[in-house]
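Number of protein chains: 4
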Amino acid sequence: MIGVGVIGYGYWGPNLVRNFVESGRARVLWVCDLRDERLGEAARRHPGLKTTRDPRELIHDPALDAVAIATPVSSHYPLALEALEAGKHVLVEKPLAATADDCRRLIDAAQKRRLVLMVDHTFVYTGAVRKIKLLLDEGELGHVCYYDSVRVNLGLFQHDVNVLWDLAVHDLAIMDHVLPTLPSAVSVTGIANVAGQPVNVAYLTCLFETNTIAHFHVNWLAPVKVRRTLVGGDRRMIVYDDLEPDQKIKVYDKGVSLEERPDRVYNMLVNYRTGDMWAPYLDRTEALRHEALHFVDCVTRHETPLTDGEAGLRVVRILEAANTSLASRGRPVAIAPA
Amino acid sequence: MIGVGVIGYGYWGPNLVRNFVESGRARVLWVCDLRDERLGEAARRHPGLKTTRDPRELIHDPALDAVAIATPVSSHYPLALEALEAGKHVLVEKPLAATADDCRRLIDAAQKRRLVLMVDHTFVYTGAVRKIKLLLDEGELGHVCYYDSVRVNLGLFQHDVNVLWDLAVHDLAIMDHVLPTLPSAVSVTGIANVAGQPVNVAYLTCLFETNTIAHFHVNWLAPVKVRRTLVGGDRRMIVYDDLEPDQKIKVYDKGVSLEERPDRVYNMLVNYRTGDMWAPYLDRTEALRHEALHFVDCVTRHETPLTDGEAGLRVVRILEAANTSLASRGRPVAIAPA
Amino acid sequence: MIGVGVIGYGYWGPNLVRNFVESGRARVLWVCDLRDERLGEAARRHPGLKTTRDPRELIHDPALDAVAIATPVSSHYPLALEALEAGKHVLVEKPLAATADDCRRLIDAAQKRRLVLMVDHTFVYTGAVRKIKLLLDEGELGHVCYYDSVRVNLGLFQHDVNVLWDLAVHDLAIMDHVLPTLPSAVSVTGIANVAGQPVNVAYLTCLFETNTIAHFHVNWLAPVKVRRTLVGGDRRMIVYDDLEPDQKIKVYDKGVSLEERPDRVYNMLVNYRTGDMWAPYLDRTEALRHEALHFVDCVTRHETPLTDGEAGLRVVRILEAANTSLASRGRPVAIAPA
Amino acid sequence: MIGVGVIGYGYWGPNLVRNFVESGRARVLWVCDLRDERLGEAARRHPGLKTTRDPRELIHDPALDAVAIATPVSSHYPLALEALEAGKHVLVEKPLAATADDCRRLIDAAQKRRLVLMVDHTFVYTGAVRKIKLLLDEGELGHVCYYDSVRVNLGLFQHDVNVLWDLAVHDLAIMDHVLPTLPSAVSVTGIANVAGQPVNVAYLTCLFETNTIAHFHVNWLAPVKVRRTLVGGDRRMIVYDDLEPDQKIKVYDKGVSLEERPDRVYNMLVNYRTGDMWAPYLDRTEALRHEALHFVDCVTRHETPLTDGEAGLRVVRILEAANTSLASRGRPVAIAPA
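Residue numbers (my numbering), protein chains in the order written: chain A, 1 to 338; chain B, 1 to 338; chain C, 1 to 338; chain D, 1 to 338.
Derived pair list, reagent style EDC-like, types lysine to aspartate or glutamate, alpha-carbon separation capped at 16 Å:
1. D:Lys131 to A:Asp276
2. D:Lys131 to D:Asp246
3. C:Lys250 to B:Asp276
4. C:Lys50 to C:Asp36
5. B:Lys250 to C:Asp253
Derived Cβ-Cβ restraints for the label pairs, each shown as a range:
6. B:Gly196 to A:Gly87: 57 to 65 Å
7. C:Gly24 to B:Glu286: 54 to 62 Å
8. B:Ser75 to A:Ser184: 37 to 45 Å
9. A:Pro180 to B:Ala336: 35 to 43 Å
10. D:Leu134 to C:Ser74: 42 to 50 Å
11. A:Pro180 to B:Gly196: 21 to 29 Å
12. B:Gly142 to C:Arg114: 54 to 62 Å
13. B:Arg35 to D:Ala63: 30 to 38 Å
14. D:Pro245 to A:Lys133: 25 to 33 Å
Derived from the structure by calculation, the hints contain no laboratory data. Fair warning: this is a prediction, and the values are worked out from it, not measured in the lab. Glycine included, C-beta positions come from ideal geometry on N, C-alpha and C.
Produce the complete structure using the sequences and hints provided.
Here is the structure:
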C-alpha cells in the first residue's frame with residue numbers, strides 16, 4: 001500500500017482517485033482542487049479523504065509516497081517539480097509539460113532523487129494498444145509502411161491548448177509506444193475556425209528517416225465521431241477502431257505484390273494478396289486500472305514505467321515542433337533530437 | 001446527333017463509348033487504341049464502329065465533330081491539341097494534361113477556334129456532388145470551415161503518375177466545383193513504399209486566404225476501402241460517403257455555439273447544437289450519362305461546359321504545386337494564380 | 001415531494017432509487033432487499049436512507065406515499081397487493097405480474113382505493129419510442145403493414161422466466177404503446193438449448209384482425225448484439241436501432257406503388273418510391289428520469305399513468321398466450337380479450 | 001464439351017447462358033423464350049446461337065445433351081419432364097417444381113433414364129456457403145443450437161408465388177445443404193399487405209426432432225436490405241452477412257458456460273466465453289460458374305450433383321408444408337417424410 005495524493009479533481013482526477021482506490025494497492029489520502037464544490041464531491045464519494053485548495057499542503061504531507069497531477073497543462077511543470085523536490089513519486093496527466101525543456105527538468109529532478117516520474121499516456125495501457133504493440137514486436141505486420149490516425153468529434157474547445165495538444169497527444173503517445181523508430185520532423189497544417197479560439201482542425205505528418213510515414217487528423221468540429229487508426233505493414237495491416245464495442249482491432253492478411261505484366265501497356269499488376277481477417281480477443285480491463293497498478297509497482301519495486309518521463313518528453317518534442325510548423329503553414333520542422 | 005471518336009479503349013474508354021451510344025444523341029464512329037485485342041473487343045461490342053491504331057486517322061476524319069481522349073496522362077496534350085487544331089471539340093479524361101502550361105495551351109487553342117474543351121471530372125456529374133453543390137450554393141451549410149476527404153483502398157499502382165494524380169484529382173475536382181473560393185497554396189507529404197514506384201500514400205492540405213482549410217488523404221495500399229468527405233459548415237455539416245449504397249449524403253444539423261461559463265475554470269462550454277440528420281434523395285443516373293449529354297449539349301449549343309478547360313487547369317495547378325511541396329516534405333508552395 | 005420506498009436493490013432497484021432522488025420531487029425513505037450486502041451498498045450510496053430485509057416494515061411505514069417494486073417476477077403480485085392494501089401508490093417493474101389474473105386483481109385493488117398502479121415499461125419513456133408514437137399518431141407512416149423487432153445478444157440466462165418474459169416484454173410494451181390496435185392471437189416457437197434452463201431463443205408472431213402483423217425475435221445466445229425494430233407503413237417506414245449512439249430512428253420515405261406492366265410477362269412492376277431519409281433529433285434524457293417524474297405527477301395529481309395497470313395486463317395477456325403457443329410448437333392461441 | 005439449350009431468357013437465363021459459355025466446357029446451342037425481344041437480345045450477345053419461341057424445337061434437337069430451365073415455377077415440371085423424356089440432362093431453376101409430387105416424378109424420370117437432374121440452388125455454390133458447410137462438417141461450431149436467417153428488401157412482388165417461394169427458398173436450400181439433420185415440421189405466419197397480391201412478409205420456423213431450431217424472415221416490403229444468417233453452435237457461432245463486400249463470414253469464438261452462483265439469488269451466471277473473431281478468406285468466383293462446371297462434370301462423369309433432385313424435393317416439401325401452416329396462422333404442419 002502506498003499513500004497517494006491527487007491534485008486536480010475536474011474531468012480526469014475522479015478517475016485517478018477511483019482507480020487507485022479500487023486497485024487495492026494504494027490509499028488516496030488527499031485530493032486538492034481550487035473549486036470547493038469539487039472538493040465537496042470528492043469528500044462525498046470517498047469519505048475519510050482529506051481535501052485542500054492548497055497543493056503544497058498535500059505535497060508536503062510526509063504520509064504521501066506519490067502525487068498524481070490532473071490539472072491544466074500549464075501547471076504540470078511547477079506542481080510536478082515541487083512534488084519531486086519534496087521526494088514524492090509523480091504521475092502526470094498528458095502531456096507531461098508545456099515545453100520540452102520543462103519535461104527535461106522534471107526527468108532530471110526525478111533521476112537525481114531516484115523517484116518514479118510517469119506520464120499518463122492512458123491509451124498505452126488499453127488492451128487494444130498492448131495487442132498492437134505485441135503484433136508489431138513479433139513481426140506480424142512486417143515493415144510498417146504507414147501509420148494513419150483519425151480522432152475527430154464534436155468536442156469541447158479547450159481554452160489553453162490547441163487540438164493537437166488535446167487530441168493528437170493521445171495518438172502520438174500510441175505511435176511512440178508501438179513503432180520501433182522515432183520521427184525526425186513534422187509538417188503540420190490547421191485552422192482556427194472560431195475567432196479568438198485555438199486551432200480546432202489540424203493535420204500532422206511525422207516524417208521518418210526510414211521508409212515510413214505517420215499522419216494524424218484531429219478535429220473538434222466534426223459531425224461524426226471517428227477514432228480510427230490504420231497501421232499498414234508490408235506483411236499485414238491493422239485497422240484499430242476504438243469505437244467498435246467488440247472488435248476494436250482487425251488484422252488483415254492483405255497487401256500487394258507487384259508483378260510486371262508485359263501484356264498491359266499502362267499498369268503494373270498489383271496482385272491483391274487477400275487472406276483472412278482476424279479480430280483478436282482483447283483484455284477489456286479499464287486502461288487506467290492497469291496504469292494505476294503499474295505506477296504502484298514501479299514505485300514499490302523502483303522500476304522504470306512503460307510511459308516514463310522520456311516518453312512524455314518525446315511526445316512533447318513532437319508537439320513543440322508541430323506548433324512551429326503549424327505557424328508556418330506546413331513547413332517541415334525538425335524534431336529536437338533526444 | 002454528333003459524330004464522336006474515342007481514343008483509348010482501356011479501362012475508361014469503353015464507358016465513354018457506351019454512354020455516348022446509349023445517350024441517343026451521339027454516334028460513335030471510331031475507336032482508336034494501340035492494342036489490337038482492345039480494338040477487337042470494341043468491334044465485337046459495337047458492330048459498325050471503325051477501329052484504328054493510328055489516332056491521326058480518327059482525328060482527321062471529316063465525319064467527326066468531337067474527339068474523346070481516354071489515354072495515359074502524358075498523351076493528353078498532344079492528342080487534344082491535334083484534335084483541336086483539326087477543328088474537333090474535345091473531351092479529355094482527368095487530369096486535363098500533365099502540366100499547367102499544356103492546359104493553358106489547350107484552352108487557347110480551343111478558344112481561338114471556338115471549340116468546346118471539356119475535362120472529364122466525372123464526380124462533378126454524380127447526383128451526390130450536384131446535391132452538395134446545391135446545398136452550398138443555397139447557403140444551407142453557412143461558411144465552410146473545412147473540407148476533408150479520404151480516398152483509400154488496395155488499388156492498382158499506376159506507372160506514370162503518383163497517387164495524387166490518380167486519386168486526389170477526383171477530390172480536387174469536386175472541391176473546385178463546390179467551394180466558392182480557390183486555394184492559394186498547398187502543403188503535401190507522402191511516401192513511396194515500393195522501391196521504384198511512385199508515391200502511394202499522400203496527404204495534401206489546400207491553404208486558403210479565407211478561414212477555410214481542405215485536406216485530402218489518398219492511399220493505394222489500404223486494407224479497407226474508404227471514400228468519405230466531410231464538409232464542415234458553421235451552420236450545418238455534410239458527410240458524403242460514396243460507398244453507401246443508398247444514403248451517400250447525410251446533412252447534420254450540428255455545430256457549436258460558444259458560451260463563456262464563469263463557473264468553469266478551464267473550459268469554455270461548447271453548446272452541442274444537435275438537431276436532425278437528413279439524407280436527401282439523390283439522382284442515381286450514371287454520372288457519365290449526364291456528362292456525355294452535357295458535352296453533346298455544349299457542342300450543339302456552343303456553350304461552355306461545367307468542367308471546362310479552366311476547371312481542368314485549376315486542378316492541374318494544384319497538382320503541380322503538390323508535387324513540388326511533396327518533394328520538399330510539406331513546405332507550403334503557392335498555387336500559380338489564374 | 002412524495003415519500004417512496006424501493007423493494008429490491010439488485011440490478012434495477014439502484015436505478016429507481018437514483019432517479020427518484022435526482023428528480024428532486026421524491027424522497028426515497030426506505031430500501032428493502034433480502035441481501036445484507038445490497039442494503040449496505042444502498043446505505044453507502046444514499047446516507048440517511050433506512051434499510052430493511054422485511055418488506056412489511058417498509059410497506060407499513062405511514063411516511064411512505066408510494067412503493068416501487070424491483071424484485072423477481074413471482075413476488076410482484078403479493079408485494080404490490082400488500083402495498084396497495086396498505087394505501088400506497090405502486091410502481092412495479094415489468095412484467096406487472098406472473099399471470100393475467102394477478103394483474104387484474106392488482107388493477108382492481110388500486111381502483112378500489114383510487115391509487116396509482118403503474119408498470120415500469122421503461123422503453124415507453126425513451127426519446128426514441130416517444131418519437132415513434134408521435135409519428136404514428138400524426139399519420140406519418142400511414143397504415144402499419146408490419147412491426148418487426150429483434151432483440152438478441154449473449155446474455156444472462158434468467159432462472160425464473162424464459163427469454164420472452166425477459167426480453168420480448170420490452171418490445172411488446174413498445175408495440176402496445178405505439179400501435180393503434182390490439183393483437184388477437186399469437187403463434188410462438190422457441191427452444192431451450194441448455195438442459196434444465198428456460199427457453200432461450202424464441203420467435204413470437206402477433207396476429208391481428210386488421211391487415212397488420214407483428215413479430216418478435218429474442219435470443220440470449222447470439223454472438224452479436226442486435227436491437228432493431230422495423231415499422232413498415234404504407235406511406236413511410238421506420239428503422240429503430242437502439243444501439244446507434246446518435247441516429248436511433250431513421251424515417252424512410254420509401255414504399256411500393258404497384259403498376260401493371262403488360263410488357264412484362266411474369267412480374268408486376270413495383271415502383272420503388274424512394275425519397276429522402278430523415279433521422280429526427282431525439283431527447284436523450286434517461287428514460288427512467290421521465291418515468292419517475294411521470295409517476296410522481298400521477299400520484300400528486302391523481303392521474304392515470306401512460307403505462308398503467310391495464311397496459312401491464314395487456315402485455316401479460318400476450319405473454320401468457322405466448323407460453324401456451326410455445327408449448328404446442330406454434331399453434332395459434334387467442335389472446336384473452338380485455 | 002456438351003451441348004446445352006436454355007429455356008427462359010428473362011432475369012436469370014442470361015446468367016446461365018453466359019456462365020456456360022465462359023466455362024469453356026459447354027456450347028450453348030439454343031435459347032428459347034416467348035418474347036421476341038428477349039430472343040433478339042440473346043442473339044445480339046451470342047452470335048451463332050439459335051433461338052426459338054417453341055421449347056419443343058429446342059428439347060428435341062439431337063445435338064443437345066442438356067437443357068437448363070429458367071422459367072416461371074409453374075412451367076418447371078412440364079418442361080423438365082419433356083426434356084428428361086427426350087433423354088436430356090436437366091438443370092432447373094429453384095424451386096425444382098411447384099409441388100413435391102412433381103419433384104418426385106422428375107426424380108423418377110431422371111433415374112429411369114440415368115440422367116442428371118440438378119436444381120439451381122445457387123447459394124450452395126458460393127464461397128461463403130461452401131465455407132460454412134466445411135466449418136460445420138469439421139465440427140468447428142459444435143452442435144447447432146439455432147439457424148436464423150433474414151432476407152428482406154424493397155423488392156419485386158412476384159405474381160405467381162409468395163415471398164416464401166421467392167426468397168425463403170434460397171435460405172431453405174442453404175440450410176438443407178449445411179445442417180446434418182432434416183426438419184420435421186414448420187410453423188409459419190405472414191401477411192399479404194397489398195390487396196390481391198401474394199403474401200409479402202413471412203416468418204417460417206423449422207422444427208426439428210433434435211435440439212435445434214431454424215427460422216426464416218422474408219419480406220418484399222422492407223426499407224433496408226438485410227441478408228444475414230446466424231448459425232449458433234455450442235462451440236462457436238457464425239454471422240454470414242451476404243451484403244458485406246469482403247468479410248461475408250465471421251466466426252465468433254463465443255458462447256456461454258453456465259455456472260451456479262450461490263451468492264446470486266436470482267440469476268445463474270453466464271460466463272461469457274468470448275474469444276477471437278475470425279473472417280476466413282472466401283473464394284469469390286461467381287457461384288453460377290462453379291455450378292455450371294459442376295453440372296457439366298456430373299453430366300460427363302455420370303455423377304450425382306450436390307443439389308440433385310432430392311435436394312430440390314426436400315426444399316419443396318418444406319415450402320408445401322409452409323403454405324399449409326401459413327393458411328392456418330402458424331399451426332405446426334409436419335413435413336412429408338422422405
